[in-house]
Structure formats: C-alpha cells, structure tokens
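Student: Work out the full structure: start from the sequences and follow the hints.
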Amino acid sequence: MTAELSSPGRASAAQGLRNPWVAFLIRRLSWLVVSLWVVVTAAFLMIQLVPGDPVRAALGTSAPAELVQARRESLGLDDPLPTQYWNHLRSVLTGDFGTSMTTDLPVSQLVGDRLPTTVTLAALSFVVIILIAVPLGVTIAVLTRGARWRGGELAFTSASVVVAAIPEFLLAVGLVYVFAVTLGWFPVAGGDGMGAWVLPVASLSIGPAAVIARIVRVEVLAVLGQDFVRTARAKRLPPWRIYARHALPNALTATLTLTGLLLTGLVAGTVLVENVFALQGLGSTIVQSILQKDYPVVQGIVLVYGALVLLVNLVVDLVLAALDPRSTIREA
Amino acid sequence: MRSRRWMRVVTTPSGAVAVALLVLVIGLAILAPIIWGDAASEVNDSAPVQGPSSAHWAGTDALGRDIFYRVLVATRLSIELAVMASLLGVVVGTVVGTAPSVLPRWAGRWVSSAVNIAVAFPSLLLVLFFAVVFGVGTTGAVLAIGLAFAPGFARLTQTLSAAVVGRDFVAAARVAGVGRLRILVRHVLPNIGEPLVVNATINAGQALLAFAGLSFLGIGVQAPSYDWGRLLGEGLTQIYVNPAAALAPAVAVVIAGLAFNLLGETAAAVIGVRTGPTRSGPLPATPGRDEPIDASGDQPVLAVENLHVAFPRDGRWATPVRGISFAVRPGEFVGVVGESGSGKSVTALAVSRLIEHPGVVTADRLDFAGVPMLSTPERELRPLLGTSLAMVFQDPTTSFNPTRRVGRQLAEVAEQHQDLRRGPALARAVDRLRAVRIAAAERRAGQYPHEFSGGMRQRAMIGMGLMGTPKLVIADEPTTALDVTVQGQILRLLSEVRAETDAAILLISHDITVVAQTCSRILVMYAGRIVEDLPAADLTRTPRHPYTKALLAVVPDLATDREQPLVAIAGRPPAPEQIPAGCAFAARCPLADERCRTDDPALVQVAQLHRVACWHADDQHDQGTMG
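Order-wise, the sequence lines are chains R and Y. The first sequence lines up with residues 0 to 331 when you count with numbering that gives the first Met the number 0. The second sequence lines up with residues 0 to 626 when you count with numbering that gives the first Met the number 0.
These aren't lab readings, by the way, just hints derived from the structure by calculation. Glycine is no exception: its CB is placed at the ideal position from the N, C-alpha and C atoms. Do not take every clue at face value.
[As the list claims (entries may be wrong)] A partial selection of chain Y residues facing chain R, derived with a Cβ cut-off under 7 Å:
id, residue
1, 132
2, 253
3, 256
4, 354
5, 356
6, 385
7, 400
Tutor: Laid out in structure tokens, this is it:
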C-alpha cells in the first residue's frame, strides 16, 4: 500500500516513510479509527444509560415477566458490563447489529433497506447546492467587488441571512403548501419517480445553498484581493480567465473545508425532511424506533450515521490535501 | 465604551429589526398565556378542523381549539425551552472549553480530543443520541439540545481563549506567578466575553429551531403541553384541510429564530468593527503645473503627463499621486525613490493600468509605446501590454498563485497573447526560466511556487515578464522582501535584461543607494509629487531639492556631517487625504518660508536633464554637497 500511495516506480520503504503523503495518511486513518471506536462505544453506552429497563420500556408494562427476561437474555443484558462491551465490539466488527425488538428483523437488513433513500436524498441535495451556490457566489463576488454595487451586496447578504435562518423542515412545510397543496405540481408525501424527490431536495438545498453562496462570495473576494491575482491581471489575462483559473480554485479549497460541515449537516437534515415527506429512509426509521423504544434499531442507525459523518470528513480531508499542495500534508 | 458599542448594534437597520422582533416575541411569551391561555385550550366539539374564519384566524384543530391563540400561547414554552437549552449548552460548553487551560496538561489534551471528535457530528445527530439517553419528553429534550450544543461552544471558547492566552499581558501575568485559574477568571474570560455572548445569542436561535424540530418529530414536548414544533407536527397532518394550522406555527418559529440570529449576526458585525465605504463626491479636476515632458529625441516608451490617482476614503478623496509628469525612453533605467507613502507604488500600478475600482486614474497623457492607454479599451490594450510591459512585484511569495505550477503560470502568457498551444508555451516557459538562470529549469517548471526559494521566485517572476518581448519592465521594490544576499542578484539580472533586450526599466525603491548604483536617471517622489528628476550621476554631486538631500543625508556611508542633517527629515510625510496647501515638504524643510507654505512649486527645468520642484532650488548651491 505504501508503494502504491507514494510516487509509484521509485518507492522504497525508506522513501515511503519520509513521503509526506504516507505520514499524512497514517495520521488521518488512525484518527478515523479512534473516532470510530468512540462512536461504537457511545452507541453501546447509549443503551446502558437509558433509565430503567430498556426491554421493559420497549415491550410495555403489560408484557409478561418471562418474555422480558427471555429478551434480556437474548440481548445479553444480564452479562457483566465488560462482557457485554466485548460482545458488542465483536458483533459490530462482523456486521451484526442485532435484531429489531418490534419486527424481529435483523437491524443490518433494515439499515440496508433504508440507507439508499437517505444517501440519494443527501447526494442529490449536495449536487444541487454546489450547482447553485458556486456560480451564484462567484457572480455576486465579481459584481460587488471593490464596493462596486452596494445595493446588490446588501440585497444578497440580507436575503441569504433570512433564507439560511429558515430550517429545512419549515421550508419543507412552506414548499408543500405552495407546490403540493396549492399548485398540485408534486406529491405531498410518498409518490414515485423524480417528481417525488423535487420538494425534499429543494427543502434540503435552499438554505445551505444560501450559506455556501455567501461563503464562496467572501472567499472569492478575499482571493481577488491577493497579490497573485494582481500578477494575473499584469499578465493581461481576460477577466473570465482570472476568475476561472486563478480566483475560483483558490476560493474553492477554502470552501471545501466547509463542505464537510455542509455534507454532515445534510445527513442530519434528512432526518427531518424524511419525516415531513414520509420517505422511508434512516431518518424516519430512527424517529419511529425512538418513539417505539426499539433500541437495537436506534443503536444500529446511530452507528451508521456516525460512520457516514466520519467517512465524509475523511473524504473531504483527502480531497483537500490532493487539491492544495500546501495544506495539511506539508504542515504536519 | 462597551455599552456604546452595543447601542450601535441597535441603531443599525438589521439590529433595530432584530430588537423589535425580539421585544415582540418576549412580550408575547410573557403576556400571551395570561390573556389567551383559556381561549387556547377551549375545546369545541362542533367545529373540529376548520379553515381560517373571522372567529378563528388560523382555523381550528382536531378538538376545535383555536390555532391562532394556541400559536400565541405556545410562545412562552417555546422560548423558555430554547433559552434553558442554550443556557445549559453555554455553561457546559464554557466549562469544557476552558478546562484544558486549568486542568493538568494530559487531562486537558483528553478534553480537547473529545471536543474535537464531538464537533465533527452535526448537532441534530447529537440531539437524537441524547434524546435516546434522556428519554422522550420535555426534560429529555432540554438536556439533549443543551448537551448537543455544548461541544460547538466549547470549541469556540477554546479557540478564543487560546488567542488571548497567546497575548503579552497573559504572558506577563504568568511570569508574575499568577495561578492558571486566576488568569482564566481575571484575564481570559473578560476578554472573550463579548464574542461568547454574541454566539450565545445565535445559539439561542439555533436551540429554538432544534426544539421545534424535536417536538415536530414527536420526541420533544408531549401532549397536553404544546410548543410551536408540536403544533406544526399536528398541523401538517391536516395540511389539505387547513394549511394555516401548519403555516402559523412555522411563521412563528421563523420570526423568533430570525430575531435571535439577526441580533447575533448584527452584533458580530458591529463588534468586529466593520464600516462600509461611504460615497465620495466627484473627483475635482486639477490642471497640470509641471513642465510638459521634453518632446525631442526618441519616442518615449512611457509618457506621463499630469497623472493623478485618487481613492475614495471616508467620503473624501485621498490622492496618493497628485499630478506627475515624466517619460521613460527606450533602454533607459529609471529609478523612483521616496519614503513609503510617497506614491511610488501607486504610480507603478497606475502607469501599468492595474489600479482597480474604486480607485480613479486621470492624466492629460498616459501613453505606452505611443498608444494612449486611458482612451483605448482594455480589450485592445491586452495583447500590447501582455507582451511588452512586464511587472515585477515586491513579494514574490504572494505574487505567484500557490495552487498552480510555476511553469504553467509563465506559459499562460504565451497561450494568451502569442497563440501558442500548451506544449510549446510550456517549452517557452522552461526556456525563459533558463534565461533567468534557474538551474534544472525543466524540473523547476513542474514545481509549485512554495518549492522555490525567495530569490528564485523573483527570478521566475522576471522570467514571466520575459515571455513576451518587453519594452518596459516595471519593478516595484523587487528586492525588499528578499534576503540582502540575493538583492544584488536580482538587480544584476534586471541590468542584464536591459542590456540584452533593450527594454527600459522603471525601478521603484525606498533605498536611494540601490537606485543610485543601478539606475541612469532618478525620480524623487514626495507626497504624491515628483520633487526632483535628475541623472544618477548628478545625484550626489548636485542634488537641488532639500528632500533629496535629506534622503542622501540619512545614508550612513555618504554622511559627512552627522550633527545637523538628520533633523531635516524628522517628522512624517502627510497622509494622502491631508495634503497641506503649498509645498508638501514645507513642514519638514529647513529652508521653508511663507511662500513654501502657501504655493506649491511646479517641477521646472533647472539644468540639462534636471528638473526640480522647489522655490529654493537655486539659492543653496553651497549645501549641495551636504550629503
């Protein structure tokens, strides 16, 4: 693996260790392992911390004591804590997340069913956000640079503050009212085909798009003020080339850092939006399971969410390191 | 002082709106349950789930209760819970955030790592996690939201206090033996209080939204209690029958959330002391006073007459360059010298058409290679300037794009202006790097600027100017940011470029010795004007302007009489927005009289190739060799 990641062809063990990429990857991956361990442990402790008997709580007060006891034994809740922890770690590593207390289905199967909806929703929204926010932010930056267009600047900033302050589930309600109830263009909930995705994606995208557009604008303005942009102007490049070749890539590396936050925020945002539109994803499932006190399912989904967030952060860090030769790797 | 700053928050338009909204929301939170509490819980079996009417502005719910009143009454619980949750988050966050600076080092590191992991997760996921632990219900939701917001706040506290701990007065206190807890309470917390309060305000808005979300999902407030989120959740189920049931609480949440957010954002903006530029009046026209440049001889590469540069500043015009005239002839090596703020660099940017809006450049004449630059559209100028005017900037570290390879940054010029394709353009770039004596040019072209040394970067910058066939190289303090050892290299390289290509060079420098050694002619600038223009050979023999002499006098190896001349350059040059009437140097000039203070002298010819702007240029030849 070392040979593959350092420059191929002339890699030796000694070179591999000195290669900043290898050191960076080792550091970053060990951080990932630690974080994953924290998530797995937190998911384990979550059930231990639930006040009272989780099985009794799940089955209800009228359930016969024998059934409760049988469940407790099958879940291993009567074992000593270290044993339980060990079993938990082992089963998570083998992909066994337990069995739902309400449906008796394996949690892994449930997660497998629901994950695609959530991932599709988040991914579509991400693409829409980037497609709207980056061109918008760059355009506004170019139009308002050097206090050129104060009115436009003020209008954009205030509009984006207001839009960004509306949380996705409220936006969802508003969009449902206008486009589903009043105009009837899209289904209120459920439905098939692309039409069903329009409103959920829109409600997840509009707020973050406003935030990212603002950030892109500020970053582009900052980059436009840098010396190397003056150099590009001194080379008499046409403006579009300065914006596209010199300003945008530098502004985007700064923006990309925030993309991690955006993506993880989207994962969380899906929870509420799935509930508004009754989409069968992880978000609606975890809420139902919390209300039904179906703890194995909650635990499994918490693990998946945690892993998703860590994975997104890892990918963002790697992309950042690859894009900007000065970033994290060298500063290590 | 501080209270006045907070007053400023209220007087901004967005701040005023925020405060008005907040007063409305808090007023409702206090009064609504008292006034409409009974009306809101009045069950009416005969009118379940109705649309808006004059009796029920937002319709009724499944039990026939008035939704409008319920939304108003729910204000109290919604706000109460949001404030409780965010207070919890702020307190826990501050404690956790400051803990590393009080705890033993190893423990502090553990706390920091834990915070670092926690902030990677969006707060809503943490809320769900804690909601499971604390159980469904109001108390559980307050604890969940509070704890979920704590890591973010802890991170903020940590960052802010780290900045304060690094400051001198804390170091002084530590040296004085003040304990860590005492430093925290006495020095750190008071200095980070303001941003913390601002963020706590924004936090309260976020907590409000999070609570609405949680109650909407059914995990927060449980019946028969109700907050906005719960009303919203109930309303959504009947959105076809009565959309107002969902929209009314949604609007309430948005208004209250906006009030907190807007107040926080405005406060952050005001406390960050950001003032927007104000409008300046029209730029006053100034007629030229200097003698027009000599029209005889070769056509100059650069001809400048009555050049002004102005920038709007606080509603007035600052004029860093005030009507200068000069010419640069082919192959000439002209130095521009003066203190910082004398307008040298602005002149360099102005004659190369690099002054950007809102700066304004005016001139009676500004010709490059015979082309009037002010009247020719930029699009038409680009090929000419791109190939014949080279710029070398002060700091080669920041003047290269850090994310692009050096070779490509050079090649770009040829691709743009010489119609070369990628490959040949890069080959030309490698050739030019070789021309400025960069070893292993081929390999270097593929490297990023940060892999170059400072002197090498500056040479590459000169090489970039050589991609075309420059008629003029403008070098703005090209050696200031470099080691003294490489200074000579760069100046020699510029001289070689001149010798080999017959390009003229305009060298800007604050160092009169550098200019005297390298250039053939010298322009001395002071407060935006050229005060003397003379051949380099005459600089030490017959300087006429007192400022030129003062500049020479402060150079140690040229000084003869150390008793008096340093006094001549005491004081500072005037700021570009406060140029006095008369000669700008009068306040610092030992020869200044009444006339100097009222009339600004023009730059006039006093000898062959020698121009001076001084009323006393003729009456002190004896002091001419002072420096």
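Student: Against this structure, judge whether each hint is valid.
Tutor: Status of the hints after comparison with the structure:
1. 132: This hint holds: residue 132 of chain Y lies near chain R, its Cβ roughly 5 Å from the closest one there, short of 7 Å.
2. 253: With a minimum Cβ separation of about 6 Å from chain R (threshold 7 Å), the hint on residue 253 of chain Y holds.
3. 256: holds (6 Å)
4. 354: violated (10 Å)
5. 356: holds (4 Å)
6. 385: holds (3 Å)
7. 400: Status holds, d = 4 Å.
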